[in-house]
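K.L.:
So the protein sequences, as listed, match chains F and Z. Residue 1 is where the first sequence starts when you use the numbering used here, and the numbers rise one by one after that. Residue 1 is where the second sequence starts when you use the numbering used here, and the numbers rise one by one after that.
Since the hints were made in silico from the structure, they are not lab data. It is possible that some hints are incorrect.
In silico lysine to aspartate or glutamate, EDC-like type, Cα no more than 20 Å apart, as pairs [unchecked claim]:
| hint | chain 1 | residue 1 | chain 2 | residue 2 |
| --- | --- | --- | --- | --- |
| 1 | Z | Lys54 | F | Asp314 |
| 2 | F | Lys309 | Z | Glu64 |
| 3 | Z | Lys89 | Z | Glu122 |
| 4 | Z | Lys54 | F | Asp135 |
| 5 | Z | Lys54 | F | Asp282 |
| 6 | Z | Lys129 | Z | Asp82 |
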Amino acid sequence: MKLTGAEILCESLTRLGVRHIFGYPGGAILPVYDALGKSKLHHILVRHEQGATHMADGYARATGGVGVAMATSGPGATNMVTGIATAMLDSSPLVCITGQVSSKLLGSDAFQEIDITGITMPITKHNVVVSKAGDIARTVREAFIIASSGRPGPVLVDITKDAQQASTEFDWDASLPQIPLKRARNHFDQAEFDRAVDLLNSAKRPIILAGRGIILSGAMKSFERFVRATEIPVAMTLLGIGCFPASDPMNLGMMGMHGEAWVNHAIQESDLLIAVGMRFDDRVTGDLRTYAKSARKIHIEIDRAEINKNVPVDAALVGDAREVLDKLQPFLVQPDRSPWLAHIRELKGGSAVRDIQSLPDNGHLYAAHVINDLWKETRGEAIVVTDVGQHQMWEAQYYHHNQPRTLITSGGLGTMGFALPAAIGAKFAKPDSEVWVVAGDGGFQMTMSELATIVQEKIKINIAIINNGYLGMVRQWQEFFYDKRYVATPLVAPDFAALANSFGIRGERVTSRADVVATIRAARESSETVLLDFRVEQEDSVYPMVPAGASLHEMIRRPNNPLVETAAEP
Amino acid sequence: MQTLVAYVENKPGVLNRVASLARRLAINIDSLTVGPTESEQVARMTIVAHTDAKGGHRLEASLEKLVDVLLAENISERSVLDRDLALIKVAADQNSRPHLMDLIKVFRARVVDVAPESLIIEVSGTVDKIDGLLEVLRPFGVLEMARTGRIAMTRGSDLLRPPAAQPKTEELETIASSSKVIEIT
């Protein structure tokens, strides 16, 4: 059967199980769009190509499948860069397809020509230029395998216009992927394995550091078995949230810069860290010289390049989290963990437990109120997609996730503007799920044009803007470390409710605590997208906080200031 | 200094990926040589990098994550034979020529070009040997030099070979579509 390259692309995507493509057309990708119109693929027209990549990313994070984004050459492709980097840093499987000028024009600075494979080389797992129609099917198949295998990541396929237009014989069965086979590196010798088992079974004060690798591996059941067998308490990375139920007594909560104080103290006092699918990011370790000094370390990690990168470890089990945990399972002995667990309870009791909900209404609306109410109203079952900043940390602290893939957030790159488009992608992936955007007034303004995409696609999500009139997290750093010199952080925003209205979306401003629950309920009951503009306390800060470069136990705690005091025993 | 050997797909852009990776890891490459292997599809690289053992490990592991890199191996701690080749154009007149010829003999180098005012000397060997020859040639006036950079091979039965077999396609795709993890990290 003779097909054009563009038709082959659409046919290949269809055969690979793709149903949604997030994209934006343009000259160099026009043949593909013509073919798309004749295919069964659902194309979602975005308002900016960055939005397309975040949507594909949100789609991938919500399901575990591959998200697909598409753009034209030149500016279309360069607009994808931030979204691709976001996916790379958080190991999100993406296939980005870009149009490219005709192969005979390559290198001639033709209109909208840019070397996008050169630009994205360090921020993709792999990328490739295709200049022959006959190579498209094979390359796209390879892209899907590479994006989703091992440690997942984004793959960019740049297809020249002549390759899209040329007709060639289409033979799916002959277009076999040709990915070079690597040596099986995901192995460790018996000695390494035995060392890990010995460390595990002899530790007195162990802590598990649970990361996104558990979710990516689908290791949730194995992980739970492992925790039950060892009775080792679990600390979560931001991206690990959901891999183990927040409601489980063994789940201590989030670690790191804005982690719970008792979690950070417990890590510092531990004698063994078992890191599973996490990479000892500087935001979770603080100063490496003082990090968990008396602890031995076991690292269970699929990416060999992460071993000993930041923290030297005593045993490295390189491999898929589920496989490694299952291999360990038969060798685990359950020790008496009660002294250590009792000590952690003590640490927790000694900490000021945040219980903002028990405070009487003093006329102030705190972001934590909003997020905690949102948690209660949705019974913790919604998919919450956050932006980056204070609200993101408050979400991690006050919304308790029991299911994997229900918190979607940009961790590694910390990309402002991520929330709204990623939530749209998540909604397409999980149309029956309740999806909430939690974004700040800063980040929301970066990609709010995607409100039009919501309207055009007639989807229903809920949007909560935590509006404090500042670039809050930066303001907080200025408050703590720059003598409150608020340079470039006070922020003018449009009337978000009126803005939503102009798009044909219902919007509402909420200024008092008494109205929070009612507006959340109304938004949930509405069959259409609703935007809620929560005007919260302007100069609230996220506590505790480990200043950048400080030791993990050196946290700035919530000051005893009635305006922001939220500490109370539960 | 760390020495790595890599087998890579012999296609455009691969050298760029390898060099770009070293740049991203802030590792300075001392020398990088690429040459063909017995397979047309595969090229072999020897990379000498200014870094410590930790950096060497990171470079090795990160290199092997590149799809186009078939195998990367840090051979710094292994028994290795390594060679560098240099062409050295040195000033040579009637008076200095005999003395130069003696030195060339001592270093087991060869004269490959003779001109009235200069010689081109070809020498191969370890980096130290070539540096040594250079040292003694310098007083005569080294006019120009070209060096290949190091190539290295592990000794004896310690074989570095790229994997020959390809994974079964159906297997790959089944695994990919079920989003299960396979070993192409």
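K.L.:
Each hint should be assessed against the structure and marked as holding or not.
P.N.:
A quick look at each hint next to the structure:
Among the hinted pairs, Lys54(Z) with Asp314(F) is consistent with the structure: their alpha-carbon atoms are about 15 Å apart, no more than 20 Å. Between Lys309(F) and Glu64(Z) the alpha-carbon distance is near 16 Å, which keeps this suggested pair within the 20 Å criterion. Distance restraint check for Lys89(Z) and Glu122(Z): the Cα-Cα separation of roughly 9 Å lies within the 20 Å cut-off, and the hinted pair is therefore satisfied. Distance hint between Lys54(Z) and Asp135(F) is unfulfilled; the C-alpha atoms sit about 39 Å from each other, more than 20 Å.
Using a Cα cut-off of 20 Å, the hinted pair Lys54(Z) and Asp282(F) holds, with the two alpha carbons roughly 18 Å apart. Our distance criterion of 20 Å between C-alpha atoms is met by Lys129(Z) and Asp82(Z), whose separation comes to about 11 Å.
Checked against the numbered hints listed earlier, the structure breaks hint 4 alone; every other hint is satisfied.
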